[in-house]
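Protein chains in written order, with the working numbering: chain V, 1 to 351; chain Z, 1 to 283; chain Y, 1 to 361.
One or more hints might be untrue.
Said to hold, decoys possible - Derived lysine-lysine pairs resembling DSSO-like cross-links, with alpha carbons at most 27 Å apart: (1) Z:K56 / V:K77; (2) V:K72 / V:K181; (3) V:K181 / V:K208; (4) Z:K184 / Z:K45; (5) V:K72 / Z:K184; (6) Z:K184 / V:K99; (7) V:K33 / V:K77; (8) Y:K139 / Y:K25; (9) Y:K139 / Y:K4; (10) V:K181 / Z:K56; (11) V:K99 / V:K32; (12) Z:K45 / Z:K56.
If you're looking for bench data, these hints aren't it; they were derived computationally from the structure. Bear in mind the structure is a predicted one, so any value in this text is a computation, not a measurement.
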Amino acid sequence: MAGSGTAQLRDPSEAIIRVENVVVEFPAPGGKKVHAVSDVSFDVYPGETLGIVGESGCGKSTTGRAILHLPKPTSGKVFFEGVDLTSLDAEQLRSVRTKLQVIFQDPISSLYPRRTIADLIIEPLAIWNVGTQADRLERARLMLGEVNMDYDSVSWRRPYEFSIGQCQRISIARALMLNPKVIVCDEPVSALDVSVQAQILNLLEDMKRRYGLTLLFISHDLAVVKNVSDRVVVMFLGKLCEVADAETLYAQPSHPYTRALLMASVISSRAMSRAGGQATPDFSGEEEAATEMPSSISPPSGCRYRTRCPRAQAICAVQEPVMRELKRDHYVACHFPLGAPSSAEAADASN
Amino acid sequence: MLAGAKRKSMFSNMGWGFWVAVGICMAWILVAIFANLLPLYSPDKIDFNCLLTYGKFTSAHPLGCDNDGRDILSRVIYGSRVSLIIGFASIAISQVIGGVLGILAGYFRGLLDEILGIISNTFLSFPYLVLALVIVTFLGRSELDIILVIVTLAWPLLFRVVRAATIEYTQREYVLAAQALGSKPSRILRTLLLPDVIPASITYGLVGVALAIVAEGALSFLGQSVPIPTPTWGNMIAAGSQVMQQDKPLLIVPAIAMFSFILPINYIGDRLRSVLDTRQGVL
Amino acid sequence: MSPKRHVREMDDLDDKPLLQVENLKTYFQTGHGIVKSVDGVSFTLERGRTLGLVGESGSGKTVLSQSIMGLLPPRGVVREGRVQFGDVELSSASVNELRDLWGAQISMIFQDPATALNPVVRIGRQVTESLRYHLAMSKADAKATAVALLRSVGLPEPEQRLRWYPHQFSGGMQQRIVIAVAIACGPKLLLADEPTTGLDVTVSAQILDLINRLQQERYMSVILVTHDLGIVTGRADDVMVMYGGKIVEKAPTPVLFRDMRMPYTEALLRSAPRLANPAHSRLHTIPGSPPNPMEWPHGCRFAARCPYVQPKCVAEEPPLRDADTPQHQYACWFPVGSPEGRRALEENQAKGVPAATGSVV
């Protein structure tokens with residue numbers, strides 16, 4: 001499966017974020033390169049939540065960082081509100097950051113331990129010289145209240161005095177201080193217990209609604225991604241596998257990898273759903289041929305998923321599948337997708 | 001960390017040895033500053049009586065006399081002034097130079113880091129004796145020149161320490177978070193990196209002071225340090241080593257004086273460094 | 001002279017439980033006060049059964065598993081209660097006696113396989129080390145056994161990879177190696193502390209299947225410690241839910257999911273996002289945060305966050321009592337599904353107590 005192909009991109013004038021053919025490579029010892037992200041394209045409309053899901057090493061976090069230009073991608077374009085970020089100089093890029101914020105997986109280490117919460121929260125306003133000190137503290141009080149924390153008991157304390165869940169709330173409050181348009185959420189609940197995770201996910205939904213945010217939600221947890229996303233992108237080893245809206249992806253996955261992920265997740269989900277009296281879709285099917293993650297320094301030729309794919313055939317080693325539309329807003333990069341014509345058949349049909 | 005817990009001050013656990021060392025160093029520093037107020041002979045004053053009691057401890061000259069008839073006690077006290085000034089000044093200047101360059105190299109990396117690396121490595125790879133001799137030959141042997149010699153030798157070491165610390169702290173996620181908020185590099189350096197880099201630099205610097213004082217002694221042995229009659233611990237030891245048989249006090253007294261300062265200050269720097277390292281682990 | 005075996009042989013145990021824990025308490029003395037991580041836990045475990053121990057951060061589950069094994073710091077720890085493993089009383093065993101048990105009869109695997117393996121020792125040696133120490137095997141025998149072990153945990157090409165170092169393997173493979181090391185001497189009890197947290201979903205599923213398979217093949221008992229209720233379904237015979245340093249509910253797994261009584265268990269189950277639910281479903285949350293282990297609240301420790309709370313809950317701590325089905329115990333005055341529980345819930349909902357999203361401080 002390849003990320004090459006931009007069939008999944010929609011109207012550029014509508015998208016608030018548009019990623020085009022982004023490649024991120026890192027140097028590896030011995031003069032080699034780690035192909036962390038290899039030709040990935042997708043877009044996000046304002047007010048949408050795009051979920052990016054995949055296992056470790058798939059490049060989802062790296063993609064998020066590339067969008068944020070921390071650091072900028074090796075090649076490709078990232079459009080934010082129609083402006084190509086890769087073409088901006090340092091000062092221009094800096095000023096874009098007020099509208100493009102991020103929250104991290106480990107909230108405690110993203111908060112400077114020597115400062116008080118009040119200082120940490122008003123830091124964005126201090127950086128951009130917004131308002132007087134009194135104004136800033138007022139806004140801090142407001143934002144902390146939004147995330148259900150009491151300013152008076154919290155503001156003079158330091159991050160290490162709080163639990164992970166509370167620190168994540170503080171990070172969210174900080175991200176909201178500058179009234180951003182887009183927040184990139186890089187595995188924001190992966191380090192949290194289930195009950196705290198639920199609080200934070202509900203909070204993100206509330207904030208999104210209240211402030212008209214657009215979210216890019218990166219996670220390895222399928223159930224979490226489904227819960228928050230409108231549209232979902234599945235990644236494997238630096239490439240895109242499938243792009244679809246959340247309900248369709250989970251009800252009718254087309255890419256074998258998507259199905260494998262769902263099969264692995266659903267076992268736990270099923271029993272829990274049964275306990276709650278609900279049915280789960282049945283994801284029985286062929287198991288993966290192997291489960292080792294191939295090397296990102298020398299990935300498999302052709303489709304990168306082929307070494308694990310139960311449906312792989314000769315062509316998969318030779319020709320990288322390109323993203324194509326299966327039906328409305330459902331794209332897959334696979335020669336033999338589930339429940340759909342193979343790429344050869346589709347090519348014949350269109351001729 | 002438990003909610004509500006407060007961190008203990010770092011100084012509550014340093015141990016009695018640490019505070020004894022601090023006391024000794026403070027004592028020397030005070031003595032050096034207030035040497036004028038002490039009832040001592042002038043360090044330059046040549047006293048013929050002293051020459052007569054050369055090599056012995058007398059009530060008039062409790063620590064003996066040097067080979068020119070000057071009182072060793074007062075010379076050791078006044079010598080502390082020069083040695084300490086050389087030690088602290090040279091390291092302080094090296095910290096400023098090495099520190100500023102180190103933090104820039106460590107944060108920005110890239111071409112700047114490579115160039116500074118080449119420059120500092122060049123300084124480091126120079127045989128230090130040759131460098132010292134060259135500087136002293138062309139510029140002279142005043143205290144300022146000796147300080148300059150030590151600075152040229154010490155700044156690359158402090159550059160490396162600060163650069164390594166900066167690289168490590170820059171990888172912390174709160175720096176990434178600050179960049180994501182649009183913070184300028186100058187602000188990040190100032191508010192996030194300096195507060196952690198400076199303590200690290202200071203602790204290495206204290207150890208450096210000990211080394212600088214010893215370096216001055218080494219230069220004295222080459223005859224390249226501050227010339228007599230200005231007393232330094234180093235040049236007294238050097239002179240004493242020449243007349244070891246006849247005038248043991250001239251060798252032993254300044255050696256003990258130097259030792260009694262550099263050992264505690266070395267210990268202070270080392271203890272601070274180990275405490276700081278474990279605290280950074282907690283951070 | 002044959003080399004000494006460091007193994008505590010155990011008699012045939014089929015007629016009694018393998019592990020009996022009675023009122024186990026583990027307190028830590030810190031500079032800020034005493035942390036009562038485990039505050040009176042009792043349970044039994046039969047041979048060949050899997051017990052799931054579920055709890056969130058701060059519940060004491062990890063301390064419990066370490067305390068059972070005796071893997072606690074030498075100072076500053078107060079441990080009360082009895083832990084009976086077969087015919088050995090672990091709670092009063094000396095370190096030497098424990099060493100003959102660890103690895104040989106009781107093994108533990110932890111969350112992060114990379115830190116459990118020695119990075120500078122080849123994996124072959126890490127596996128054979130235990131075999132040679134405990135079972136006094138010869139080098140050749142140990143090597144052959146190691147190859148068989150690694151094959152049985154699903155490591156491809158084990159003969160060649162004996163000479164590899166841990167960092168050359170992926171996280172999932174490292175965890176398999178850790179498991180191989182743990183079961184090498186055929187322990188009767190395996191403690192698995194969050195073995196799949198941090199591993200990918202596809203890998204996690206396999207690791208858990210592997211543990212299940214080995215457990216059946218070797219008639220081993222397993223305690224599976226996790227914060228994820230989903231993991232224990234289908235893999236554990238019995239489940240214990242821990243909160244506030246105590247067990248608040250225990251039951252055979254299907255019974256627990258079908259018939260839970262303790263409101264915390266219910267809340268935990270309902271707060272997980274489900275694949276079956278539509279996108280943007282509102283998740284049930286548990287308001288507030290777990291109490292401070294240095295100062296457990298009076299009465300039921302979940303009271304402050306419980307939707308069924310009544311004055312009695314704050315006044316008196318509910319004991320563990322039996323439910324209708326045997327082996328199902330719970331600690332609650334107003335349990336889920338009971339008439340008094342329903343009344344309590346309705347009353348609270350009418351009053352709007354506790355707040356849906358209380359202040360978190």
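Subject >> Hints the structure fails to honour >> reply: 1, 4, 8, 10 and 11
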